[in-house]
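If you read the sequences in order, they're chains A and B. Residue numbers 1 to 140, in my numbering, belong to the letters of the first sequence in order. Residue numbers 1 to 401, in my numbering, belong to the letters of the second sequence in order.
In case anyone wonders, no lab produced these hints; they're calculated from the structure. Glycine is no exception: its CB is placed at the ideal position from the N, C-alpha and C atoms. You can trust all of the hints, since none of them are fake.
Straight-line C-alpha distance at most 30 Å; calculated DSSO-like pairs for lysine-lysine:
no. : chain 1 : residue 1 : chain 2 : residue 2
1   : A       : K27       : A       : K4
2   : A       : K27       : A       : K99
3   : B       : K150      : A       : K92
4   : A       : K71       : A       : K99
5   : B       : K252      : A       : K56
6   : A       : K127      : A       : K53
7   : B       : K213      : A       : K56
8   : B       : K252      : A       : K53
9   : B       : K252      : A       : K71
10  : A       : K82       : A       : K56
11  : A       : K82       : A       : K92
12  : B       : K213      : B       : K252
13  : A       : K56       : A       : K4
14  : A       : K53       : B       : K213
15  : A       : K4        : A       : K99
16  : B       : K150      : A       : K53
17  : A       : K4        : A       : K71
18  : A       : K127      : A       : K92
19  : A       : K27       : A       : K102
20  : A       : K92       : A       : K102
21  : A       : K102      : A       : K82
22  : A       : K27       : A       : K82
23  : B       : K252      : A       : K65
24  : A       : K53       : A       : K92
25  : A       : K56       : A       : K92
26  : A       : K99       : A       : K56
27  : B       : K150      : A       : K41
28  : A       : K71       : A       : K41
29  : A       : K65       : A       : K127
30  : A       : K82       : A       : K127
31  : A       : K65       : A       : K102
32  : A       : K56       : B       : K150
33  : B       : K150      : A       : K99
34  : A       : K41       : A       : K127
35  : A       : K41       : B       : K252
36  : A       : K53       : A       : K41
Short, incomplete list of chain A residues facing chain B, as computed with Cβ under 8 Å:
no. : residue
37  : P43
38  : F45
39  : G47
40  : T48
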Amino acid sequence: MFRKILLAYDGSEGANRALEAGIGLAKIHGAELWAVAVEEKLPRFSGTIDEVKEAKEFANQHFGKLLAAAKTRAGEAGVDLKTVLRPGHPAKTIIQVAKDGKFDLVLVGHSGVSGVWAAFLGTTAEKVSRHTPCSVLIVR
Amino acid sequence: MEQIWYTAAAWIGLALLASLISIRIGISVALVEIFLGFVAGNLGAYFGSILFVPNAWINFLAGFASVVLTFLAGAEIEPESFRRQLAPTLAIGFVSFLFPFLGAMAYTYYISGWNLQAAIIAGIALSTTSMAVVYAVMVETGLNETELGKLILSSCFITDLGTVLALGLIFAHYDYWLLIFVAVTVVALWRLPAMSRFVFARWSGRVSEPEIKFIFLVLSVLGALAVTARSEAVLPAYLFGMVVAGLFVHDKVLIYRMRSIVFALLTPFFFIKAGTLVSLPALIAGFGLLVILFWVKMVTKIIGVWPLCQVFKIPRRESNYITLLMATGLTFGSISALFGYNYGYIDQDQYSILVTVVIASAVIPTIIAQVFFQPREVGLRREAELAYYGTVEHFLHTADE
Numbered sequence: 001m002f003r004k005i006l007l008a009y010d011g012s013e014g015a016n017r018a019l020e021a022g023i024g025l026a027k028i029h030g031a032e033l034w035a036v037a038v039e040e041k042l043p044r045f046s047g048t049i050d051e052v053k054e055a056k057e058f059a060n061q062h063f064g065k066l067l068a069a070a071k072t073r074a075g076e077a078g079v080d081l082k083t084v085l086r087p088g089h090p091a092k093t094i095i096q097v098a099k100d101g102k103f104d105l106v107l108v109g110h111s112g113v114s115g116v117w118a119a120f121l122g123t124t125a126e127k128v129s130r131h132t133p134c135s136v137l138i139v140r
Numbered sequence: 001m002e003q004i005w006y007t008a009a010a011w012i013g014l015a016l017l018a019s020l021i022s023i024r025i026g027i028s029v030a031l032v033e034i035f036l037g038f039v040a041g042n043l044g045a046y047f048g049s050i051l052f053v054p055n056a057w058i059n060f061l062a063g064f065a066s067v068v069l070t071f072l073a074g075a076e077i078e079p080e081s082f083r084r085q086l087a088p089t090l091a092i093g094f095v096s097f098l099f100p101f102l103g104a105m106a107y108t109y110y111i112s113g114w115n116l117q118a119a120i121i122a123g124i125a126l127s128t129t130s131m132a133v134v135y136a137v138m139v140e141t142g143l144n145e146t147e148l149g150k151l152i153l154s155s156c157f158i159t160d161l162g163t164v165l166a167l168g169l170i171f172a173h174y175d176y177w178l179l180i181f182v183a184v185t186v187v188a189l190w191r192l193p194a195m196s197r198f199v200f201a202r203w204s205g206r207v208s209e210p211e212i213k214f215i216f217l218v219l220s221v222l223g224a225l226a227v228t229a230r231s232e233a234v235l236p237a238y239l240f241g242m243v244v245a246g247l248f249v250h251d252k253v254l255i256y257r258m259r260s261i262v263f264a265l266l267t268p269f270f271f272i273k274a275g276t277l278v279s280l281p282a283l284i285a286g287f288g289l290l291v292i293l294f295w296v297k298m299v300t301k302i303i304g305v306w307p308l309c310q311v312f313k314i315p316r317r318e319s320n321y322i323t324l325l326m327a328t329g330l331t332f333g334s335i336s337a338l339f340g341y342n343y344g345y346i347d348q349d350q351y352s353i354l355v356t357v358v359i360a361s362a363v364i365p366t367i368i369a370q371v372f373f374q375p376r377e378v379g380l381r382r383e384a385e386l387a388y389y390g391t392v393e394h395f396l397h398t399a400d401e
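Excised from the complex, chain A in its bound form (with noise of 0.2 Å):
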């Protein structure tokens, strides 16, 4: 039925277990596998190149990790699992990429977040889930 799923990544706990239904999945349904980490928070109205140059070199260098262990955590599982990376706001890249890509179904962790933020603002899962075109799974 999923021919192309999207995991969004950020190694938080909830990211890892989607991680493991993204390779469950993956296999029943012989799908292609892939993983986007959004770079959040990249200084916006810079004073110096040098600030936005060296903050998106720190969140490669931390995400480029984390996407690495990701892949080779499907690797050992026997999947192939696809990365990319992209600065901006969470939800609107995980939905961006879902609908460039032309994906049929996107995972997403759910952060256990609560409180006053997620109450007034959503968690990301909420977002992705709400303006998403295909299917999503919110993996608790």
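Chain B: place on chain A using the hints.
Showing chain B alone in chain A's frame:
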């Protein structure tokens, strides 16, 4: 009476707080430093504290920061993309400087009644474009790697060149000191690439940092000559950055070490100082002028840049985007306003309004450009582009090899 360590602790504490807030909310540390400086300066004024009143050593660090910031901005030029799109880059960059310069100068002189020198400072401060703000916006979409992105960045570069030339030449005293300054600068710029190449190759990577001291020495000597000629130290700094740009790109160790020094010790003092001098009562009293000057900057940028984009057959959506990004400003605008204040060309009220307009221009056109006129971009990038990037140690190690 000032106790230097209390003052240092207060300023560095504020800089640390700015870093933490910046990391948490994803807003540039420069903007947060200006804001915290504004809050601290106004609270200090209200309670009669001198802790956040800039003194001699803070003025030196802030002044040196502005010179190094300008040098780093000059070193960002990409000669190849600049040459490839020479005509549109020169035309858009020049007009983006000229129209707001003339517009803001005319408005403040004829309508607001500022004196000529203050009006010129207003023109210079509001003519600027922030290459860094533009770059930060484009990194999010990868647009900085496209021809359109490179055109915008190169045009920003020309606008900034207009700003430093105006700062350096309009207020200079046209006497023999200026001749000496120009002659030394020309010879230095001619010889500096070769000298820098030699210094970097011979002594780069040593713990005593001779290559960084060499850069600081050049900036100080040329800055001293510039100020003696009543010009401005940022002018030779920008030009020096331009001529060694190619060398800088390849020396990652040097870049990292420069950034460490600049971000830890220099720029916080510049941006916090820029904020402390912004007076809240002046902003309240001059709010109407503030709004008008913001629109003067926007309208003059639009009148200048947008038609030129059409002349160069840039599609409408992209023309709107370029125009709005060319209307941004931050660091060079702040440097220009602070220059005017330091030399007494503008008073604190005028400074407060100009810096606030500059900051507003960093935020408002950027958001409008991103929300409404983002050029439509790209699907998934190739996996190869997204490969593992390595650690800082990896960069330092490979750069040493």
